[in-house]
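Start from chain E and add chain G according to the hints.
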Amino acid sequence: SQQGEEDPQALSIQEGENATMNCSYKTSINNLQWYRQNSGRGLVHLILIRSNEREKHSGRLRVTLDTSKKSSSLLITASRAADTASYFCATDAPGAGSYQLTFGKGTKLSVIP
Amino acid sequence: EPEVTQTPSHQVTQMGQEVILRCVPISNHLYFYWYRQILGQKVEFLVSFYNNEISEKSEIFDDQFSVERPDGSNFTLKIRSTKLEDSAMYFCASSEGNSFMRCTFGSGTRLTVV
Chain E
248 SQQGEEDPQA LSIQEGENAT MNCSYKTSIN NLQWYRQNSG RGLVHLILIR SNEREKHSGR
308 LRVTLDTSKK SSSLLITASR AADTASYFCA TDAPGAGSYQ LTFGKGTKLS VIP
Chain G
2 EPEVTQTPSH QVTQMGQEVI LRCVPISNHL YFYWYRQILG QKVEFLVSFY NNEISEKSEI
62 FDDQFSVERP DGSNFTLKIR STKLEDSAMY FCASSEGNSF MRCTFGSGTR LTVV
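Chains E and G supply the protein sequences, listed in that same order. Letter by letter, the first sequence follows residues 248 to 360 in the numbering used here. Letter by letter, the second sequence follows residues 2 to 115 in the numbering used here.
Okay, chain G solo, but in the shape it has when bound:
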């Protein structure tokens, strides 16, 4: 079965540093998403992306965050200046459509900000 691939699986970064989390969505999918899960808490929506632009974003997705699909296969999440509270598991997901469609999630990148 096709998979969403995320790299790295674990990243440790110093507070204030920039990080880029990478994802390769399923090839025929058109909608891409980032979610995060702070340890012990709910999975929270960050942003959705379609047709090379952001479709929807949550309050969490402030100016420190950006997404990009640089080359038609990768989908990246950049955090410009990490804070301690950015420590979380970040999940990339993709779907064929935006409704009535299952979302396939990657296995996540665990970001630890120290």
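Here chain E stands alone, though its shape is the one from the complex:
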């Protein structure tokens, strides 16, 4: 089964609009994290939401988590051209020894100036 599947796969918006990306997962999680990756570059941590949290904000980012639906969303408000990147959700599973993050395929966001 696939853990951490984002949709849409690609999203193109105008600068100033809001961008919403979704992530679904299949197994129980400890945390869900969102990362950004500029083309060919490293992964930048954006925000972490714990399994007992429902919503979290950080600047222009808003993350929601619905554990009953096993889904999360990342909202970027008032988008800027510099937000153009791929966005990945990553989950880690509960239980001793579960150190690994499982990433989704990502949403490629293009913000048009």
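It is worth saying that the hints were derived from the structure and are not from the lab. None of the values given here were measured: they were computed from a predicted structure. Glycine is no exception: its CB is placed at the ideal position from the N, C-alpha and C atoms. A portion of the hints provided could be inaccurate.
[Stated by the list, open to error] Derived coverage of chain G by chain E (criterion: at least 3 residues anywhere in the stretch with Cβ under 8 Å from a Cβ of chain E; other residues may be distant):
#1 36-46
#2 50-61
#3 103-111
Chain G only, in chain E's frame:
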């Protein structure tokens, strides 16, 4: 903000050669990781390392791979005999703890096997 540093940023190697990818994790972090991303595909977990030993490894991390923390600051990934399919971006990461903790990733080493 503290960073995870990886060197080199790009390495080209002949098939069958050994490569060592180097990483300097954040100094007060205790958990270290290697991930890889084949072009256009998902980021995949390879291995986690804690207290000088492997904590967890994936199916990808076979006998051709090894990790080492040789001197208390560096964390290395060695691929003994590279294959074409080892071509990927390799990311090192570190975290303070193993749960409820953000993972800080390096900017990656792009390995090209020819």
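Now for the hints, and whether the structure bears them out:
1. 36-46: holds (count 6)
2. 50-61: As far as the segment 50-61 of chain G goes, the hint holds, because 4 residues have Cβ atoms under 8 Å from chain E.
3. 103-111: holds (count 8)
In summary, this structure violates none of the numbered hints.
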